[in-house]
Amino acid sequence: MSPWIVGFGVFFAYPMLDNLYLSFNHYDLLSSPRWIGLANYSYLFGGDQQVWPAVKNTLWFLGIAVPLQVLFAFGIAVMITRAKAGVGIFRTIFYLPTLTPTVAATLGFVFILNPGTGPVNAFLAKLGITGPLWFQSPAWAKPSLTLLSLWGIGNAMVIFLAAILDVPQHLHEAAQLDGAGALRRLWHVTLPSISPVILFSIVIAVIQGLQYFDQAYVASTMAAPGSLGNAGDNTFVSLGYPQGSTLFYPLLLYQQGFGYFNMGYAAAMSMLLLVVSLAVTLLVLRNSRRWVHAYGGAT
Amino acid sequence: MATVGAAGVEVRPPVVRRTVPWAVRRKRLLVAVADHSVLIVLAIMFLAPFVFMALTALMTNAQSLTANFWPHPFRFHNLVQVFNQAPMLRYAGNTFLYASAATVGLVLSSVPVAYALACLRWRGRNLVFIGVLVAMMLPPQVTVIPVYVLFAHLHLVGTVWPLVIPNWFGDAFSIFLLRQFFLTIPMDYVDAARIDGCGEFRIMIQVIARLAKPAIAAVALFSFLLCWNDFWGPLLYTLQNPAHWTLSVGLAQFRNIYEVNWNLVMAGTIVFMAPVIVIFFFAQKAFVQGITLTGVKG
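Each protein sequence line maps, in turn, to chains A and B.
The first sequence finishes on residue 385 if you use the numbering used here, and the numbering steps up by one all the way, no holes.
The second sequence finishes on residue 854 if you use the numbering used here, and the numbering steps up by one all the way, no holes.
When the alpha-carbon atoms are kept at most 30 Å apart in a straight line, the in silico DSS-like pairs for lysine-lysine are as follows:
{"id": "1", "chain 1": "A", "residue 1": "K142", "chain 2": "A", "residue 2": "K228"}
{"id": "2", "chain 1": "A", "residue 1": "K212", "chain 2": "A", "residue 2": "K228"}
{"id": "3", "chain 1": "B", "residue 1": "K841", "chain 2": "A", "residue 2": "K170"}
{"id": "4", "chain 1": "B", "residue 1": "K841", "chain 2": "B", "residue 2": "K769"}
{"id": "5", "chain 1": "A", "residue 1": "K170", "chain 2": "B", "residue 2": "K583"}
These are computed hints drawn from the structure, not numbers from a lab.
Since the structure is predicted, the reported quantities are computational estimates derived from the model, not experimental observations.
For reference, chain A alone in the conformation it holds in the complex (with noise of 0.2 Å):
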């Protein structure tokens, strides 16, 4: 147990304090830190032209994305519990690309959807359709992003999987004895006794979407057609690629913090994302005595 406490103290408590601290101060990592008051913050608000858009990536793929991969992961696990045969080889199939590390994953997607010469393109071409430009457009980047993530939703189809199979045979015979269809059934047994791990899904979907980061940083400095220089010396200019469209609020963050070393900046920064994190945190746990109990759990 100490361990953990001092591990809490170092890693956790001192730096949400530290954190705070510095939000109120200039920082660039070589001179010790100047007190500047609430300017961070204003800047944050009002001054900084990247955050609003940033913010509004981030807001496009909590409002988009997440529920689609919700939806998707959603439907494949009841059509896999559906199907008689190949349960398994189905679920290992869709599993798969989630352990595919994010970074391999992006890779290969900035390559499949390479406009010019990549396989979906020229699939489109041979049926007469133009492909969109993909990772090198301001329009489709953040859907290329959804798609990527979709690829990945196999912890929340196996924890649904599980779910459903988990739901009493007897409610499904009750209601097929009076007289409902499949559809009915997955509206009205199905969707009501798995309510708690759906919120817990959309729950998870949401904080990673609030931390997005990996799959755009590879997207976009990939897809852009920078210049050949040093490791690392174009990276923090073609972040966001293409116009600033995949620029989600964690890329901004790193590009204040790391690039520029505005560390107090960065600190203001993450503190409205500690803020927004903490409101959907305490919304998980005041409902999560209701959906723990639901299963019979002890907390």
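Assemble chain B onto chain A, guided by the hints.
Only chain B this time, still in chain A's reference frame:
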């Protein structure tokens, strides 16, 4: 159900096996395929990226820039060449070192905390558990600045230490998962051991840890893969020092150092993915149990 005869030998009713005619069997197969058609199409789409990545990894560079997707000729040499093109072996070694050191520390430090939260009664237990939940839910970016500053002051930025050390102080997600599993173990075992005069530390090692082997295995697996795949941590702490790059950072920098040779990039990703997929096929059961544990128990 088979009945058990007097001698304890199973007596099965004779089974009449009717050979199903070919035509009927084929029809059944077709019906099954139609039933699962959506699922099958989706499965093919899920596998397609892997196929394209693997095929591209075997192309010449010139061919990887054409729309032909079948390699001509097959260049298995790419998988060797990628090790010469970049210090892949070093990256792989760094990644392995990071993942194993972090995993060992994580298991050693998380089991006692989970034990204390699940099996011991003490003041403030619920408060600490809420602390674990909050730590689990918050994005890593929330505390990254001060932790980075801390490691910068210790002159550890540019080494693998900032990635490993925090894991030796417990990991919220693992603690949570282990606690959930420990709660399913009947406390009678623990009480019996206590009455026999067993110390709490021995109970933890000899009773709980043994019974919880599957959960501990799942936690170790998750941790190893998470570290193997990790990008954010190595990017922050090792970007400055190419000698300590992991596979994820090394691959992401491929384009900055060399022009994009897609065939070699894909060969690199194959090398990066292969161990993970091999581990998965050996430990699939532990995986599925572990994930299910996180979901169903809330």
